[in-house]
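Engineer: For the protein sequence lines, the chains are F and L, in the order given.
Residue numbers for the first sequence follow the working numbering, so the first one is 1 and each next one is one higher.
Residue numbers for the second sequence follow the working numbering, so the first one is 1 and each next one is one higher.
Simulated from the structure, these hints should not be mistaken for laboratory data.
Be a bit skeptical, because a hint or two may be false.
To be verified - Here chain F is said to cover these stretches of chain L; the calculated rule only asks that three of the stretch's residues, wherever they fall, bring their Cβ under 8 Å from a Cβ of chain F:
# : stretch
1 : 43-55
2 : 97-107
3 : 420-432
Said to hold, decoys possible - Below are the DSS-like pairs computed for lysine-lysine, each with C-alpha atoms no more than 30 Å apart in a straight line:
#  : chain 1 : residue 1 : chain 2 : residue 2
4  : L       : K97       : L       : K80
5  : L       : K380      : L       : K428
6  : L       : K77       : F       : K87
7  : F       : K87       : L       : K245
8  : L       : K510      : L       : K472
9  : L       : K538      : L       : K510
10 : L       : K428      : L       : K538
11 : L       : K324      : L       : K245
12 : L       : K538      : L       : K472
13 : L       : K37       : F       : K2
14 : L       : K97       : L       : K165
15 : L       : K165      : F       : K87
16 : L       : K247      : L       : K324
17 : F       : K2        : L       : K538
18 : F       : K87       : F       : K2
19 : L       : K535      : L       : K428
20 : L       : K535      : L       : K472
21 : L       : K535      : F       : K87
22 : L       : K37       : L       : K324
23 : L       : K380      : L       : K37
24 : L       : K165      : L       : K37
25 : L       : K510      : L       : K428
26 : F       : K2        : L       : K165
27 : F       : K87       : L       : K510
As the structure is a computational prediction, the values presented were derived from the model and not from experiment.
We treat Cβ as the ideally placed atom computed from N, Cα and C, and that holds for glycine.
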Amino acid sequence: MKILTGNDLVTGDVIWWAGDGWSRQVGDSVDVGEQGDDLARTEEAALRVVGAYVIDATLTDEGVRPAHIKDRIRALGPTVRPDLNLKPNDADAGNWVI
Amino acid sequence: MYRYDSYDQSIVDARVEEFRDQVQRRLAGALTEDQFKPLRLMNGLYLQLHAYMLRVAIPYGTLSARQLRKLGEIAAKYDKGYGHFTTRQNLQYNWIKLADAPEILAELASVEMHAIQTSGNCIRNISSDQYAGVSADEVADPRPWAELLRQWSSFHPEFTYLPRKFKIAVIASDDDRAAMRLHDIGLKLVARDGLIGAEVYAGGGMGRTPMVAPLIRDFVPEEEIVSYLEACLRVYNRYGRRDNKYKARIKILVHELGVEEYKRQVEEEFAQMRDLGLNPPTEELDRIRAFFAAPDYETGLPEEIDRSDPAFALWVDRQVAAHKAPGYAIVNISLKPLTGIPGDASAEQMALVADLAERYSLNEIRVTHAQNLVLPHVRKADLHAIWQQLEEAGLAEANLDLITDIIACPGLDYCALANARSIPLAQKIAQRFADNERQAELGELKLKISGCINACGHHHAGHIGILGVDRKGVENFQLLLGGSGAEDASLGQITGPGFSEDGVVDAIEKVTDIYLAQRAQGERFLDTYRRIGMKPFKEAIYG
């Protein structure tokens, strides 16, 4: 699947296109098919996102998983600061990115 | 310490207000990202892997207690409670909101700091020796010249759009603690016939094409340093490879022209410039120099240190360096706790070190390119009290220049350019070699990790260096041996095929075993490597 990601213009937070808006959870991502680039332009023009780009991902039993480790780290947060990542109570969260 | 005059303050304040307006226009949609990006970068604001990142300059690594306290307050108020000290004596905040950036810059300006020229193809923060002004072996305090160059290079109209970024370091000792020859230009102050001048090295750097800078002039009189550098930069600005980003640094120009031809062109330019009045008036250097005059050290202080507490004695042996004034010492504060993140300091830790500086170190702190902090003016009688407070704050690791004193870039945990994570690897290595006796047995061993070829972690200059690469989407680590960023500067050589994260930790253990087995009396790891060469290490690693 193709998913769309970028950073919130104002806060800089990593965000994922969820079909009807942006989410901070990669698991909310939807397949954008061939529409990703058009969506990115529209959303950037609307000042909702900056640096938007389309990536490959797969739908697994655990949810949407970006294909590349860099985007998995973007999705989770720094693996060395579990207190700051999106699963602060999951001691094994860092293994998800590998 | 240098204090801003009204001119310094007014240009920094004006820049804050200019950027405030630019951010407002960006948030209102009047500026596109393509229009805004170069403006935010000129103010040190990057868009990184997780958020906006702000890089704050710490000129020549010198901070007052007031400034460090402010850096901690900003971390607590606008970030997630911490900052990261970098290999270029800067501080980076990882979680900045765009809307907050102008107010953060205003807070920085209130303590005479800024983020100007911490990005872009301009002259970056001038770096220097963290022991400047307090080591006994320097010919002069290098910081007045570093400050002079900071003023010369700030908003320099001719050098705002160079072919590529440009980094300058200034030292004044035979011991190079600033990786001077791995800068675009390195200055080493020297004395000749009673006069101060500079040896000038040009064309050093790391990145994808590492080079140790060659000497291009063995003495430039102090009053002509600015015009000589102007000539160096002019030749580079004119002929640097603007057609290819990867060949645009001055090191490529010096290499392609040849050192002699580059020198000839610089001398030709210098000959035309030296009478144009470009050098600052002597009074200005004297004015700056007065800010760095040695403080009134107390006299008659005791030299003895009570070493009855073994943990304190170990810390003194490893973290305390000789000071030029009797009864005083230089304290190195490790930002490399064994399970921590190299170079990170929490807001509370910054506040504590600021308090310690205020109480025990004449209000001064230094930041090192090895991502540690220094209290430069400490009475030996106060060492125990300082150690106790550092220990309570998790800042009393005793590992200066040992294998666990690892330089590591932020790597793929934070950086959009990285290919691999540096920090978890640094933590694994630190834990493998955590035993104090083992570290002591290995002695000076500088280990440096970069998460990509850009080499922010100085892997080329590590006695042991590690470069993270992306191998088909999987992190892989190349091992290098034999580098040095010190006065015996050299570039590390790759051992061979790369390793997994665990594999490279095992390989390092084999490398250190070979060193211990083959070292001669008094040899550091680097000395043994240089004597016996790569072969025995490769055989141990790859079988």
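Engineer: Are the hints correct? Go through all of them and say.
Structural biologist: Hint check results:
1. Judged by the Cβ-Cβ criterion of 8 Å, the stretch 43-55 of chain L is covered by chain F as claimed, because 5 of its residues qualify and three suffice.
2. Given a C-beta distance limit of less than 8 Å, the hint that chain F covers the stretch 97-107 of chain L holds, as 3 residues qualify and 3 suffice.
3. Against chain F, the stretch 420-432 of chain L contributes 4 residues with a C-beta closer than 8 Å to a partner C-beta. That satisfies the three-residue criterion, and the hint holds.
4. Between K97 (chain L) and K80 (chain L), the direct Cα distance comes to roughly 11 Å. Compliance with the 30 Å bound is thereby established for this hinted pair.
5. Taking the CA atoms of K380 (chain L) and K428 (chain L), the gap is about 35 Å. The hint is violated against a cut of 30 Å.
6. Taken as a hint, the K77 (chain L) and K87 (chain F) pair is honoured in the structure, with Cα atoms around 23 Å apart against an allowance of 30 Å.
7. The suggested pairing of K87 (chain F) with K245 (chain L) is violated, with an alpha-carbon distance near 39 Å, which exceeds 30 Å.
8. A distance of roughly 27 Å separates the Cα atoms of K510 (chain L) and K472 (chain L); the hinted pair therefore holds under the 30 Å criterion.
9. A hinted pair counts as satisfied when its Cα atoms are at most 30 Å apart, and K538 (chain L) with K510 (chain L) qualifies at roughly 10 Å.
10. A threshold of 30 Å between alpha carbons decides the hint, and for K428 (chain L) with K538 (chain L) the separation of about 22 Å falls inside it, so the pair holds.
11. Straight-line distance between C-alpha atoms of K324 (chain L) and K245 (chain L) comes to about 44 Å, which puts the hinted pair past the 30 Å bound.
12. For a cut-off of 30 Å, the pair hint linking K538 (chain L) to K472 (chain L) stands: about 25 Å separates their Cα positions.
13. Restraint check: the Cα-Cα separation between K37 (chain L) and K2 (chain F) comes to about 27 Å, which is no more than 30 Å; the hinted pair holds.
14. Annotation: proposed proximity of K97 (chain L) to K165 (chain L) holds, straight-line Cα distance about 26 Å (limit 30 Å).
15. Distance hint between K165 (chain L) and K87 (chain F) is unfulfilled; the C-alpha atoms sit about 38 Å from each other, more than 30 Å.
16. Using a Cα cut-off of 30 Å, the hinted pair K247 (chain L) and K324 (chain L) is violated, with the two alpha carbons roughly 43 Å apart.
17. At most 30 Å may separate the alpha-carbon atoms for a hinted pair to count; K2 (chain F) and K538 (chain L) exceed this at roughly 44 Å.
18. For a cut-off of 30 Å, the pair hint linking K87 (chain F) to K2 (chain F) stands: about 24 Å separates their Cα positions.
19. Between K535 (chain L) and K428 (chain L) the alpha-carbon distance is near 26 Å, which keeps this suggested pair within the 30 Å criterion.
20. The straight-line distance between the Cα atoms of K535 (chain L) and K472 (chain L) is roughly 29 Å, inside the 30 Å bound, and the hint therefore holds.
21. Only pairs whose Cα atoms come within 30 Å are accepted, and K535 (chain L) paired with K87 (chain F) is rejected, the gap being roughly 46 Å.
22. Restraint check: the Cα-Cα separation between K37 (chain L) and K324 (chain L) comes to about 46 Å, which exceeds 30 Å; the hinted pair is violated.
23. Under the criterion of a C-alpha separation no larger than 30 Å, the hint pairing K380 (chain L) with K37 (chain L) is inconsistent with the structure, at around 49 Å.
24. Restraint check for K165 (chain L) and K37 (chain L): the C-alpha separation of about 16 Å stays at or below 30 Å, so the hint holds.
25. At most 30 Å may separate the alpha-carbon atoms for a hinted pair to count; K510 (chain L) and K428 (chain L) meet this at roughly 15 Å.
26. As the CA atoms of K2 (chain F) and K165 (chain L) are separated by approximately 36 Å, the hinted pair breaks the 30 Å bound.
27. As the CA atoms of K87 (chain F) and K510 (chain L) are separated by approximately 36 Å, the hinted pair breaks the 30 Å bound.
In summary, the numbered hints that this structure violates are 5, 7, 11, 15, 16, 17, 21, 22, 23, 26, 27.
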